[in-house]
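Q: The primary structure of each chain is shown beneath.
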Amino acid sequence: SQKIEQNSEALNIQEGKTATLTCNYTNYSPAYLQWYRQDPGRGPVFLLLIRENEKEKRKERLKVTFDTTLKQSLFHITASQPADSATYLCALLHGSSNTGKLIFGQGTTLQVKP
Amino acid sequence: DTGVSQNPRHKITKRGQNVTFRCDPISEHNRLYWYRQTLGQGPEFLTYFQNEAQLEKSRLLSDRFSAERPKGSFSTLEIQRTEQGDSAMYLCASSLEVAQPQHFGDGTRLSIL
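Order-wise, the sequence lines are chains C and L.
Following the working numbering, the numbering of the first sequence begins with 8 at its first residue and continues without gaps.
Following the working numbering, the numbering of the second sequence begins with 4 at its first residue and continues without gaps.
In short, the hints are calculated from the structure, not lab data.
The structure presented is a predicted model; accordingly, all values stated were derived computationally and were not measured.
Errors might be hidden in some of the hints.
Covered by chain L, per the in silico footprint, the following chain C stretches (three or more residues, Cβ under 8 angstroms) [to be verified]:
no.	segment
1	34 to 41
2	49 to 62
3	93 to 100
4	104 to 118
Some chain L residues close to chain C (C-beta under 10 angstroms, calculated; not the full set) [what the hints assert, rightly or not]:
no.	residue
5	ARG34
6	TYR36
7	GLY43
8	GLN44
9	PRO46
10	PHE48
11	TYR51
12	GLN53
13	GLU59
14	SER61
15	LEU94
16	ALA96
17	VAL101
18	ALA102
19	PRO104
20	GLN105
Listing some non-contacts, in silico: residues in chain C with all C-beta distances to chain L over 10 angstroms [as the list claims (entries may be wrong)]:
no.	residue
21	GLU22
22	THR29
23	ASN31
24	ARG65
25	LYS66
26	GLU67
27	THR72
28	THR75
29	THR76
30	GLN79
31	GLN88
32	PRO89
33	ALA90
34	PRO121
Think of the CB as a built atom: it goes at the ideal place given N, C-alpha and C, for glycine as much as any other residue.
Bound-form chain C, shown alone (with noise of 0.2 angstroms):
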């Protein structure tokens, strides 16, 4: 079956450090990735998108990879700040899809400790 996974156990660090998050997926073919960020009683902001094949993709203090062997992205926050403390998505494009109707992660919370 087709699935989507991200840690449901929350993540929780120190100001400073970096917080990687991880986003599996099984029996999809992916366009590209997308991540969001989602504050309580809003919706998702949209904050990086990667494509096939693309490896690496950067904006100010967040990266993102996206390994199509492992299926596999990882999404990196540095210099991580109380502000920073969300619900983080990942959602995914099937190569498939023309609408382009995204499928989400369950998404990982992110506490960062001051």
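Fit chain L to the known structure of chain C by using the hints.
A: Frame of chain C; chain L shown alone:
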């Protein structure tokens, strides 16, 4: 504010009542999506519009659900004869192209008493 707007933000209703939600996408976006999100889960796709045409519906969208996007602008999602299991956050998103990020509204939280 030129983001995606959803109304109402919260809706509390009794089981069996009908409810309607509205989504105003970013004006130049021709693609519009509805998702449903329950606590502790990621959003699940419900339906997709390209302009005014509804081109895909999830099996999650039972016959009690109907969505429209007249004139390819705002969209409405109606749930008839609401059930307890309909309690969720209903999210709307829009985008310009398939390979572009989706911009989400802050959702309508539906609570069924």
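Q: Look at each hint and say if it fits the structure.
A: Hints versus structure:
Interface restraint, the segment 34 to 41 of chain C with chain L: holds (3 residues with C-beta to C-beta distance below 8 angstroms; minimum three). Here's how the segment 49 to 62 of chain C fares: 7 of its residues keep a CB closer than 8 angstroms to some CB of chain L, so the rule of at least three is met and the hint holds. A count of 3 residues in the segment 93 to 100 of chain C with a Cβ less than 8 angstroms from any Cβ of chain L is obtained; the coverage claim is therefore met, three being the minimum. Given as covered by chain L, the segment 104 to 118 of chain C passes the check, having 11 residues with a CB less than 8 angstroms from a CB of that chain where 3 are the minimum.
For ARG34/L, the interface hint holds, the least distance from its beta-carbon to any beta-carbon of chain C being 6 angstroms, beneath 10 angstroms. Here the hint on TYR36/L is kept, as its CB sits about 7 angstroms from the closest CB of chain C, short of 10 angstroms. Here the hint on GLY43/L is kept, as its CB sits about 7 angstroms from the closest CB of chain C, short of 10 angstroms. Below 10 angstroms, beta-carbon pairs count as interface contacts, and GLN44/L has one with chain C at about 5 angstroms; its hint therefore holds.
The interface hint given for PRO46/L is met, as the beta carbon of that residue sits about 5 angstroms from the closest beta carbon of chain C, less than 10 angstroms. The beta carbon of PHE48/L is positioned within 10 angstroms of a beta carbon in chain C (closest approach about 4 angstroms), and the interface hint is therefore held. Proximity of TYR51/L to chain C holds as hinted, the smallest CB-CB distance being about 5 angstroms (cut-off 10 angstroms). Taking 10 angstroms as the C-beta cut-off, the interface hint given for GLN53/L holds, the closest approach to chain C being about 8 angstroms.
About 5 angstroms separates the beta-carbon of GLU59/L from the nearest beta-carbon of chain C, less than 10 angstroms, and the hint is met. Residue-level restraint check for SER61/L holds (minimum Cβ-Cβ distance to chain C is 8 angstroms; threshold 10 angstroms). Contact between LEU94/L and chain C, as hinted, is supported at the beta carbon level, the nearest pair being about 5 angstroms apart and thus within 10 angstroms. Checking ALA96/L against chain C by beta carbon gives a least distance of about 8 angstroms; that is within 10 angstroms, so the hint holds.
The beta carbon of VAL101/L is positioned within 10 angstroms of a beta carbon in chain C (closest approach about 4 angstroms), and the interface hint is therefore held. A hinted interface residue such as ALA102/L counts as satisfied when its beta carbon comes closer than 10 angstroms to some beta carbon of chain C; here the least separation is about 6 angstroms, so the hint holds. Contact between PRO104/L and chain C, as hinted, is supported at the beta carbon level, the nearest pair being about 4 angstroms apart and thus within 10 angstroms. Residue-level restraint check for GLN105/L holds (minimum Cβ-Cβ distance to chain C is 7 angstroms; threshold 10 angstroms).
Distance check on GLU22/C: its Cβ is at least 26 angstroms (rounded) from any Cβ of chain L, clearing the 10 angstroms threshold; non-interface status holds. With a least beta-carbon separation of about 14 angstroms from chain L, THR29/C lies farther than 10 angstroms from that chain, consistent with its non-interface assignment. For ASN31/C, the non-interface assignment is confirmed: its Cβ lies about 14 angstroms from the closest Cβ of chain L, beyond the 10 angstroms cut-off. Residue placement check: ARG65/C keeps its beta carbon more than 10 angstroms from all beta carbons of chain L (closest about 16 angstroms).
No beta-carbon of chain L is positioned within 10 angstroms of the beta-carbon of LYS66/C; the least distance is around 12 angstroms. The claim that GLU67/C lies off the interface holds: its Cβ sits roughly 16 angstroms from the closest Cβ of chain L, which is beyond the 10 angstroms cut-off. Every beta carbon of chain L lies more than 10 angstroms from that of THR72/C, the smallest distance being close to 18 angstroms; the non-interface claim holds. No Cβ of chain L approaches the Cβ of THR75/C within 10 angstroms, the least distance being about 16 angstroms, so the stated non-interface status holds.
For THR76/C, the condition that its CB be more than 10 angstroms from all CB atoms of chain L holds, with the nearest at approximately 22 angstroms. At the 10 angstroms boundary, the C-beta of GLN79/C stays outside the reach of chain L, the nearest C-beta of that chain being 17 angstroms off. For GLN88/C, the non-interface assignment is confirmed: its Cβ lies about 23 angstroms from the closest Cβ of chain L, beyond the 10 angstroms cut-off. The claim that PRO89/C is not at the interface with chain L holds, since no C-beta of that chain comes within 10 angstroms of its own (minimum 22 angstroms).
For ALA90/C, the non-interface assignment is confirmed: its Cβ lies about 19 angstroms from the closest Cβ of chain L, beyond the 10 angstroms cut-off. Taking the minimum C-beta to C-beta distance to chain L, about 26 angstroms, the non-interface status of PRO121/C holds against the 10 angstroms cut.
The earlier numbered hints are all upheld by this structure, with none contradicted.
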